[in-house]
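**Q** Using full-length UniProt numbering, the letters of the sequence shown correspond one by one to residues 1 to 409.
Honestly, the hints are just simulated from the structure, not real lab data.
Mixed in with the good hints, there may be bad ones.
[Stated by the list, open to error] Straight-line C-alpha distance at most 25 angstroms; calculated BS3-like pairs for lysine-lysine:
1) Lys98 to Lys76
2) Lys101 to Lys19
3) Lys76 to Lys198
[Unchecked claim] Derived CB-CB ranges, DEER-like:
4) Leu325 to Glu204: 41 to 51 angstroms
5) Asp85 to Leu48: 48 to 58 angstroms
6) Glu204 to Cys71: 38 to 48 angstroms
7) Ala109 to Tyr408: 14 to 24 angstroms
In this text the structure is predicted, and so the values were computed from the model without any measurement.
All C-beta atoms in this analysis are idealised placements derived from N, C-alpha and C, irrespective of residue type, glycine included.
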Amino acid sequence: MGVAPWGVVRNREALTNPKGSFPASYRWRGDPKEGIQFPLDYNYSAFLLVDDGTHGRLGGENRFRLGFESCISRQKTGVGGTGIDIPVLLLLIDGDEKMLKRIEDATQAQLPCLLVAGSGGAADCLAEILEDTQAPGNGAGRRGDAQNRIRRFFPDGDPEVLQAQVERIMTRKELLTVYSSEDGPEEFETVVLRALVKACGSSEASAYLDELRLAVAWNRVDIAQSELFRGDIQWRSVHLEASLEDALLNDRPEFVRLLISHGLSLCHFLTPTRLAQLYNAAPPSSLIRSLLDQASHSAGTKTPVFKPSVEPRLPNVGQVLRMLLGEMCAPRYHAWATGDPHHDHHDHHDCRENDRSGPESSLLLSVRATSDLMLDAVLGQTPWSDLFLWALLLNRAQMALYFWEILYM
1 MGVAPWGVVR
11 NREALTNPKG
21 SFPASYRWRG
31 DPKEGIQFPL
41 DYNYSAFLLV
51 DDGTHGRLGG
61 ENRFRLGFES
71 CISRQKTGVG
81 GTGIDIPVLL
91 LLIDGDEKML
101 KRIEDATQAQ
111 LPCLLVAGSG
121 GAADCLAEIL
131 EDTQAPGNGA
141 GRRGDAQNRI
151 RRFFPDGDPE
161 VLQAQVERIM
171 TRKELLTVYS
181 SEDGPEEFET
191 VVLRALVKAC
201 GSSEASAYLD
211 ELRLAVAWNR
221 VDIAQSELFR
231 GDIQWRSVHL
241 EASLEDALLN
251 DRPEFVRLLI
261 SHGLSLCHFL
271 TPTRLAQLYN
281 AAPPSSLIRS
291 LLDQASHSAG
301 TKTPVFKPSV
311 EPRLPNVGQV
321 LRMLLGEMCA
331 PRYHAWATGD
341 PHHDHHDHHD
351 CRENDRSGPE
361 SSLLLSVRAT
371 SDLMLDAVLG
381 QTPWSDLFLW
391 ALLLNRAQMA
401 LYFWEILYM
C-alpha cells in the first residue's frame with residue numbers, strides 16, 4: 001500500500017468521481033520524470049493519497065505517513081488484542097538517493113530493512129555494497145568500490161554526502177537483509193520473518209519472543225521450524241508459554257504440537273487463571289458461551305441487563321459438564337474449589353467495598369488461597385484432559401483430536 005501526496009499525482013482527475021468508482025480506472029502517458037507530476041506506481045495494490053493543500057511539492061505526505069506507521073505499530077495481533085505489537089520493517093524496492101537517508105535513519109533506530117535486489121536504484125546499490133563488505137579484502141579497496149557504485153547509481157547526487165550515509169548504514173549491516181528472486185520462490189512471509197530474526201542477532205530466546213508470536217499469528221509453523229527452532233536458540237519452557245496461549249486461543253493445533261515437542265511443560269503452563277481465560281475465548285453467540293452464562297446466573301451471579309455475558313469461572317465449567325453428561329460426569333472444578341460449596345464467589349470485591357478487615361476477612365482470603373492451590377494441583381495432574389475438554393466444548397476438532405491422542409498413547 002502506497003502513501004503519496006495528492007498534489008503531485010499525474011492525471012489525478014481520473015481518480016475522483018462524485019458517484020464513486022471502485023476500483024478507479026487510471027491511465028497515464030509520457031515520461032514520468034517530466035514536469036512536477038508523477039504517475040502512480042502500478043506495483044502497488046492500493047494508495048493512501050494525502051491532500052495537504054499544495055501542488056507539485058513532494059514530501060507533503062511524510063507527516064501523515066509517520067503518524068500512520070506509528071498507529072499501526074501500536075495495534076495488536078491475535079484474538080482480542082492478546083498478541084504482539086505489529087513489528088515494523090522497512091522494505092526497499094528501487095529508490096532514488098533520498099532513500100539512502102531514510103535507510104540510514106531506520107538502521108540508526110534499530111529498524112530492520114529488507115532490500116529487494118534486482119529492483120534497481122538504492123536497493124541494488126546497498127545490496128551490492130553489503131555483498132562487498134562480506135567478501136574478503138582490505139578496507140581501502142572496499143571503500144573505493146563503494147564510492148564507484150554510488151557514483152554509478154546516483155551520478156547527480158553529492159558523492160560525499162551519500163558516501164557518509166552509506167558508511168553509517170553499514171555500521172548496522174546486521175539489520176539489512178537482501179532478497180533476490182534468484183534465491184528461489186520463497187514466500188514473502190518467510191523472507192520478512194528471516195529479516196526480523198536476523199535483526200535480533202542473539203542466541204538468547206528472550207530476544208525472539210515477538211518473532212515466534214508473529215509466526216503463530218501468521219499460522220506459519222514451517223517458518224517457525226526453519227528459522228526459530230534450528231538448535232541455535234536456547235528455548236526454555238517459560239519462553240514458549242505466551243506463544244502456546246496464542247496458539248490455543250487462535251486455534252493453531254500444529255503450533256501446539258511444535259511448542260510442546262520443544263519442551264513446554266503443560267503442568268506449569270495450565271493454571272486456573274489461564275484455563276478460565278481459554279474458556280473466555282468462546283464466541284459470544286456460541287452454545288458453550290450460553291451454557292456458561294446460564295451456569296453463572298444459576299450460581300447467584302448478579303448480571304446487569306446491559307451485560308448478559310460474564311467472564312466464566314471454572315466452577316461454571318464444571319456445572320456445564322454436569323449439565324451435559326449427567327451422572328456420568330465426576331465432579332470437576334467443583335464450587336468448593338473456590339472456598340464455598342454453594343456459590344461461585346464474587347465477594348472479594350464486596351470485601352473491599354464493606355471494608356472488612358477483621359478475622360472473618362482474613363479467614364475468607366486464607367480459604368480462597370488454600371483452595372486455589374488445591375485447584376492448581378488438580379490442573380497440574382490432568383492438563384491434557386483439561387485441554388481436551390476445553391477443545392471439545394469450544395468445538396475445536398483438530399485440537400481435541402491432538403489432546404485425545406496424547407491422553408491415550
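**Q** None of the hints should be skipped; say for each whether it holds.
**A** Verification of the supplied hints:
Between Lys98 and Lys76 the alpha-carbon distance is near 32 angstroms, which puts this suggested pair outside the 25 angstroms criterion. Taking the CA atoms of Lys101 and Lys19, the gap is about 41 angstroms. The hint is violated against a cut of 25 angstroms. Distance restraint check for Lys76 and Lys198: the Cα-Cα separation of roughly 22 angstroms lies within the 25 angstroms cut-off, and the hinted pair is therefore satisfied. In this structure, Leu325 and Glu204 meet the distance hint of 41 to 51 angstroms, their C-beta atoms being roughly 47 angstroms apart.
The hinted range of 48 to 58 angstroms is not satisfied by Asp85 and Leu48, whose Cβ atoms lie roughly 21 angstroms apart. Separation of Glu204 from Cys71 is about 30 angstroms and departs from the stated range, judged on CB atoms against 38 to 48 angstroms. Judged by the Cβ atoms, the range 14 to 24 angstroms given for Ala109 and Tyr408 is violated: they are separated by roughly 52 angstroms.
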